[in-house]
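Residue numbers are given in the working numbering: position 77 of the sequence shown equals residue 77, and the series is strictly consecutive.
Among the hints, erroneous ones may be present.
EDC-like mimics (lysine to aspartate or glutamate), calculated; alpha carbons at most 16 Å apart, straight line [as the list claims (entries may be wrong)]: (1) Lys-146 / Glu-192; (2) Lys-223 / Glu-116; (3) Lys-49 / Glu-80; (4) Lys-7 / Asp-72.
Taking CB as the label site, the calculated pair distances span [as the list claims (entries may be wrong)]: (5) Gly-210 / Arg-94: 32 to 40 Å; (6) Glu-149 / Asn-60: 31 to 39 Å; (7) Glu-18 / Val-193: 29 to 37 Å; (8) Asn-172 / Ala-15: 43 to 51 Å; (9) Tyr-71 / Pro-129: 20 to 28 Å.
To be clear, the hints were calculated from the coordinates, so they are not data collected in a lab.
Every residue, glycine too, gets a C-beta built ideally from N, C-alpha and C.
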Amino acid sequence: MRLRGRKGILESLEAQPELVVLDAAPHKGRWREFFGNDRPIYVELGMGKGKFISDMSVRNPRVNYIGVDMYDELIRRASEKARNAWEAAHGTDRPANLALLRANIEGIENLFAPGEVQRIHLNFSDPWPKAKHARRRLTHPRFVAKYIEILNEYGEIHLKTDSQTLFEFSLNSFADMELMMRNVSLHLHRDEVRDDLVLTEYESKFVERGNNIHRVEVVVGEKAIADHRAAKRDAQRKDQAAETSADVSEPSTAPTVTSEG
Numbered sequence: 001m002r003l004r005g006r007k008g009i010l011e012s013l014e015a016q017p018e019l020v021v022l023d024a025a026p027h028k029g030r031w032r033e034f035f036g037n038d039r040p041i042y043v044e045l046g047m048g049k050g051k052f053i054s055d056m057s058v059r060n061p062r063v064n065y066i067g068v069d070m071y072d073e074l075i076r077r078a079s080e081k082a083r084n085a086w087e088a089a090h091g092t093d094r095p096a097n098l099a100l101l102r103a104n105i106e107g108i109e110n111l112f113a114p115g116e117v118q119r120i121h122l123n124f125s126d127p128w129p130k131a132k133h134a135r136r137r138l139t140h141p142r143f144v145a146k147y148i149e150i151l152n153e154y155g156e157i158h159l160k161t162d163s164q165t166l167f168e169f170s171l172n173s174f175a176d177m178e179l180m181m182r183n184v185s186l187h188l189h190r191d192e193v194r195d196d197l198v199l200t201e202y203e204s205k206f207v208e209r210g211n212n213i214h215r216v217e218v219v220v221g222e223k224a225i226a227d228h229r230a231a232k233r234d235a236q237r238k239d240q241a242a243e244t245s246a247d248v249s250e251p252s253t254a255p256t257v258t259s260e261g
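Please model the entire structure based on the sequences and the hints provided.
Here's what the structure looks like:
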C-alpha cells in the first residue's frame with residue numbers, strides 16, 4: 001500500500017505523544033503505565049483509518065485500546081478520527097483510553113509482553129488470496145501462535161472479514177491449533193445491521209452493497225474458556241428447564257379410565 005501523506009506528517013505525529021506511539025520498545029510490558037490504569041487492553045491489528053478503534057474507545061471507556069498500523073498517513077488519519085469522536089462524545093479531543101501505535105505486525109512479540117493483551121481484533125485483514133502468500137495472512141498459525149503468547153487468561157481473538165477464502169482458511173487454522181470457537185457467523189448482518197457491534201469503514205460499505213460479512217470469536221485464555229463452558233452449561237440447563245416446564249404445562253391427551261363398582 002502506498003499512501004500520499006501531507007507534508008510534515010511525522011512532525012504532526014511526534015507532537016501527539018499522549019495518543020501516538022512511534023516506538024513500542026519502551027512500552028512493552030508497561031502499557032498499563034501508558035494508560036495510567038490496569039484495565040483490560042484490546043488491540044486492533046491493521047486499524048486502517050481508525051474508525052473502529054476510535055468508536056470502540058468511546059463506547060467502552062473502561063477498556064484500553066491500541067490501534068496498530070505501519071503507515072504514518074493512516075496513523076495521522078486515525079488520530080483525527082479519534083479526536084473528533086472524543087470531542088463529539090465527551091467534549092474533549094484527548095482520548096483517555098486509546099493509543100495509536102506505528103508498528104509492523106510481523107514483530108508483534110516485540111510490541112507486547114506475554115499476557116499483556118486481553119483481546120485482539122482482526123478486521124478485514126488483507127486476504128492474500130494466492131496460496132503462495134498464505135504465510136502472510138494474519139490468521140496463519142505462525143501469527144496465531146504469537147497472539148496466544150501475548151494474550152492473558154481471558155484472551156480472545158475476534159475476526160471479521162468479507163473474504164470467504166480468508167474465513168475458511170482462518171477456521172481451519174484455528175481448528176488445526178485446537179482452539180475453541182464461538183459465535184461463528186457466515187452472514188453477520190443477514191437480517192439487520194448489528195448495532196451492538198462497531199462497524200469499520202469497509203464494513204459499512206460492504207453492508208450497503210449487501211456483501212456477506214463473516215465473523216468468529218476465538219476463545220484462547222484458560223479463564224475465558226472456563227467462562228465460555230460455564231455459559232454453555234447454564235444455557236443448556238435453561239433449555240432443559242424450559243422443555244420440562246412445557247411438558248408439564250401441556251394437558252394430557254390420554255383417555256380417562258374409570259372403574260365401575
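Hints the structure fails to honour: Checked against the structure, the hints that fail are numbers 1 and 6, while the rest are satisfied.
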